[in-house]
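Asks: Just so you know, our numbering puts 156 at position 156 of the sequence shown, and the rest follows in order with no gaps.
Derived by calculation from the structure, the hints in this document are not laboratory data.
Predicted model only: the values in this text are computed from it and were never measured.
Treat the hints with care, since some could be wrong.
[Unchecked claim] Calculated cross-link-like contacts (lysine-lysine; reagent style DSBU-like; alpha-carbon spacing at most 35 Å): (1) Lys194 / Lys163; (2) Lys118 / Lys163; (3) Lys118 / Lys166.
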Amino acid sequence: MNLLPVLQQLLQNKLVISALVVAVILLLRFTLSWIFSRQRQWEKQSRRRRINTVHNLSNLLLVIGVIIVWAPEIREFAISIAAFSVAIVFALRELVQSLVGKIYQASMRSFQVGDWIKVGDQFGEVIDSDWLSTTLLEIDPHGLGNGYTGITLYMPNNVFFTKPVKNLNFMRRYIEHSFSIVRENNRGNPFAAKRFLEERILEYSESFLDVAARYCQMIEHRTGVELAGTDPKVSIATNEHGHDVVSITIFCPREQAHEIEQRVTEDFYDFWYSGPQSETTVKTA
């Protein structure tokens, strides 16, 4: 019986080759360890270090030997796994981005549930935040003074990479509310109403002025940003149509912003049509 073809076939079998490599390395490992353990002239710690080195080197040779034997199969498997991984990542791209966005937001501590935030052009109160999305209860974007709109926004967490996030939590109680009054000029002097409006706004702000000043200082201290202050500001300009534009800015409680705006607007027209300015307008006419 000719054993040569059988041996050639066995040597082409990678399982047999792997078994031979493992057997040779383990035999070498056992032999060296036995020899080192018999060297009585060496100290005990020295023998242990050498035996440990033999074990580590033999483990490394085992790994390298098996990799060399199975290199083509490992390469094909790695390519298959890479292609599969790329396909999975591409299919789940939005999911992965949302997970990473949540980790990014948590590490930055930009907001938490209950905070008021602005993401891009959207205002809202955070009512829920999980690994994939953040839920906002929309707030009126025109000044924050009119409360909630009743709309719920569901935002994937990947928007935190593409849009700026502003924490407006300090504006929950007090806001810097601005509005304008536009009217046609009838040869009257709109600056005549400026001091009158400032006095009326101070009268409306008297009940909360001290608290507003302290709250303004707290915001400046925590954010490091210098605000315009709590004093009412009234400025007058004209637009492209030649109409008078009275711009008013007040620092007030959020819940009272709309009410104060209406009262100041009413005072302005009362002053213009019922006060001294109306007499000036009539005489000029």
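Asks: Would you mind marking each hint as holding or not holding in the structure?
Replies: Okay, the hints, checked on the actual structure:
Taking the CA atoms of lysine 194 and lysine 163, the gap is near 40 Å; set against the 35 Å cutoff, the hint is violated. For the proposed pair lysine 118 and lysine 163, the alpha carbon gap of about 10 Å is at most 35 Å, so the pair holds. In summary, the hint linking lysine 118 to lysine 166 is supported, as the alpha carbons are separated by about 5 Å, within the 35 Å threshold.
When the structure is compared with the earlier hints, a violation turns up for hint 1 alone.
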